[in-house]
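2 protein chains.
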Amino acid sequence: KLLQFKAQLGGDEGKHVFVLKTAKGTRDYNPKQMAIREKVFNIIISCFKRHGAETIDTPVFELKETLTGKYGEDSKLIYDLKDQGGELLSLRYDLTVPFARYLAMNKITNIKRYHIAKVYRRDNPAMTRGRYREFYQCDFDIAGQYDAMIPDAECLKIVYEILNELDLGDFHIKVNDRRILDGMFAVCGVPDEKFRTICSTVDKLDKMAWEDVKKEMVNEKGLSEDVANRIGEYVSMQGGQDLAEQLLQDPKLSQNKQACAGLTDMKLLFSYLELFQVTDKVVFDLSLARGLDYYTGVIYEAILSQTIPAPAEQNGADEAAVSVGSVAGGGRYDGLVGMFDPKGRKVPCVGVSIGIERIFSIMEQKAETSSEKVRTTETQVLVASAQKNLLEERLKLTSELWNTGIKAEVLYKKNPKLLSQLQHCEETGIPLVAILGEQELKDGVVKLRNVASREEVDVPRADLS
Amino acid sequence: KLLQFKAQLGGDEGKHVFVLKTAKGTRDYNPKQMAIREKVFNIIISCFKRHGAETIDTPVFELKETLTGKYGEDSKLIYDLKDQGGELLSLRYDLTVPFARYLAMNKITNIKRYHIAKVYRRDNPAMTRGRYREFYQCDFDIAGQYDAMIPDAECLKIVYEILNELDLGDFHIKVNDRRILDGMFAVCGVPDEKFRTICSTVDKLDKMAWEDVKKEMVNEKGLSEDVANRIGEYVSMQGGQDLAEQLLQDPKLSQNKQACAGLTDMKLLFSYLELFQVTDKVVFDLSLARGLDYYTGVIYEAILSQTIPAPAEQNGADEAAVSVGSVAGGGRYDGLVGMFDPKGRKVPCVGVSIGIERIFSIMEQKAETSSEKVRTTETQVLVASAQKNLLEERLKLTSELWNTGIKAEVLYKKNPKLLSQLQHCEETGIPLVAILGEQELKDGVVKLRNVASREEVDVPRADLS
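Protein sequences, first through last, are from chains B and F. Using the working numbering, the first residue of the first sequence is number 1, and each one after it goes up by one. Using the working numbering, the first residue of the second sequence is number 1, and each one after it goes up by one.
Worth double-checking, as some hints may not be accurate.
A pair holds if it fits inside one copy or across any two, identical chains being indistinguishable in the list.
As a list, the in silico PhoX-like pairs of lysine-lysine whose alpha-carbon atoms are at most 20 Å apart [as the list claims (entries may be wrong)]:
no.	residue 1	residue 2
1	214	194
2	413	346
3	267	413
4	24	82
5	39	49
6	373	49
I should point out that these hints are in silico values taken from the structure, not numbers from a laboratory. A quick note: this is a predicted structure, and the numbers were derived from the prediction, not measured.
Isolated chain B, as found in the complex (with noise of 0.2 Å):
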């Protein structure tokens, strides 16, 4: 949607073409976009608030040394700043390093934290599927050594009363655990050393079917036809706090410890989350095992059921999220903080990342097919005039109504016609005129109108202010 066109600059720059444009795999938000923005805003900082969470702002920019070691491969496609002599610094990449780091330095070591904030990524944006490569991320974690699973569901019961709010239609979440996976590989007899590729195989099957998967398995990551159907028949298990009991009865995965520890704190989530009333919405679901590397523990993900036929992925959340119909998605990472501290001190922290650019572009879907035009403004009132000369009684009335806090607006014209105040109303969905002519400056009034209805009634002057 990029206009671009070539601009030929005046003045000093003498004839250089250049094309205007803003830089590859960005874009403004105009107006609407933002009113759409805003109101997601609020609903999801409304809930965060409701938990009792502060807010913490980062620079947009960290030292390079900061970010680097901890992206992986994905490494390259931090943005980098030229070095002007000085520090090298890179854009940030995530919300996450700067928050451990920001906890490292400042020694805290325990915080309840939101955090919404652009991150960039030098990746080949598609933005016709509406990736970008500065785009918002929306971030909520817990900092703090707790007793287990209670931080953990109060996430996912963030997650669950977001996405109600926001009313994205049916949505359920996910839920699994780092140890239960590991576990399980090490019982169905994959090498420690094929943990993390199996895992990322594993990963594919929200949007593969399991034969593909296997074949992937087999034939390129080198597992036996035996090891990839045991690995089969656990991933294809879903169900509630009874798998979990059921998975601590299983001969194999009861044998392990790491499996075990996994499965117990799963039955103690969902006896939370019973608490909580969320259980319709929340599986525990072996096959979902997340790219990150840093998750120790608990990990989950929130998918709409109905798939609002989106211009397709956003890059919301982070890279692991960004499956067809995933809009959040996070885990516990009990490692991340100390890799900061001096001394290796850990934080343990479990968050979770709206995917907050999916959700925006859903959103704009549902006002472009809605009958109900985005406001972008909030004025409530126009203050307009069909007689000539008035201007100076119309900037009068206007300020009299900013002073008692009414949103109002004036035509900066001497003159304006009626016809035109009135369209101004209709385009920005103001919904009232005040009408002022000789008649009702003499009357002391106020000729109220009703853009929608067009009733008229005459308001005394002094009742306004």
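Given chain B's structure and the hints, the job is docking chain F onto it.
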């Protein structure tokens, strides 16, 4: 205030020593600073919305070329991104040039918009004096071809409203016009090519005595004593509409076309300011010059009368606005958008930039000396218990409160002490505790305790949801 300490990265990073800090000239905002920031933003945004403004957003970086030739000497302070293949990019230096680029690119000829966002200047940071390399700008602009001085007057009304509502103490707003300045220089006998440089000398009158300014004009800028004295007479003049009328009769100024146009507009401006009831704070001051080249008409600057002993200047507004006490500034710039338009089509603009970083720092200082603690959360009630084994009941009640929209917290512990629960309320300012015990559960009530007064009242459970 930056915590800087050496950290030894463990694991894969080997023994490399790095400094755990934010980039030079940048800072994190902690929750308390964010709470103050939010309060300031809310007041300012409410005012913009009351005046019918929309908002837009632009990317944090622009094509390097977009910024080229817009900032004169200050261009050396622009942050460039590293050439990683592809376009050459720079971080935005202000919000005005991206705004002009946005208007030209989208062929927008009229809009009233605000934009609050961070901008970047590779300045020598004086952080002890509150100047940063990453800082907020907060701009309101009206673009479009309108009848003279109406939008200009609204900008001043907005500054007046915002400074009143922020409650920063007494202030005044200086107004002048670039055309009056130019006309004045012409009739005093300043050679055309020296207008700009003499203008920036005049701009120093808020920090230097006239005698020193005069010395600079004569000794450094090469004006004759006579010419300087004539300027001196004009720039000592302050007044209102009356002064504009008087100067229109001035035998010399009245002969200058530019000056007459400016003075006629100044008269008109004051007549509108009268209707807006803001003339008590607005002064027509011939010594106001402001640095930026792109102003073409009215210019203004708001100054706090009583300088709250701040850590000193803030990098708010633009460079020109950074004088002691200055908290807002702006003016008319009718030529900037045309620089981006391929056919040079002009879009007249007038705007104001609120020096929000300076305002943050004044508010922070007020908060520090105030007896009232700044709350960083909005939690209304903590769900607590005095007895053991009531975690599940606490979680259940908390969830019920969330579901009814009440902002509630619960400690993430199985059996927290009542004292530590009450302490959490006192530390974070939560006003109410909902205490659950065996007796309350039996009676179907919740004991609501006012943390400050220690009063307790039993509330039927049913009344809470």
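- Task: At 20 Å max between alpha carbons, let me know whether residue 214 reaches residue 194 within a copy, between copies, both or neither.
- Result: So residue 214 and residue 194 pass the 20 Å test inside one copy only (15 Å; across, 79 Å).
- Could you figure out if residue 267 and residue 413 sit no more than 20 Å apart (CA to CA) within one copy, between two copies, both or neither? between (69 Å within a copy, 17 Å between copies)
- 20 Å Cα cut-off: does residue 373 pair with residue 49 within a copy, between copies, both or neither? between (29 Å within a copy, 18 Å between copies)
- Given identical chains, is residue 413 near residue 346, meaning Cα to Cα at most 20 Å, within a copy, between copies, both, or neither? Result: close only across copies, 19 Å inter versus 64 Å intra.
- Message: My question is about residue 39 and residue 49: at a cut-off of 20 Å on alpha-carbon distance, are they close within one copy, between copies, both, or neither?
- Response: both (15 Å within a copy, 15 Å between copies)
- How would you label the pair residue 24, residue 82 (within, between, both, or neither) given a Cα cut-off of 20 Å? both (18 Å within a copy, 15 Å between copies)
In terms of the numbered hints stated before, the structure departs from none.
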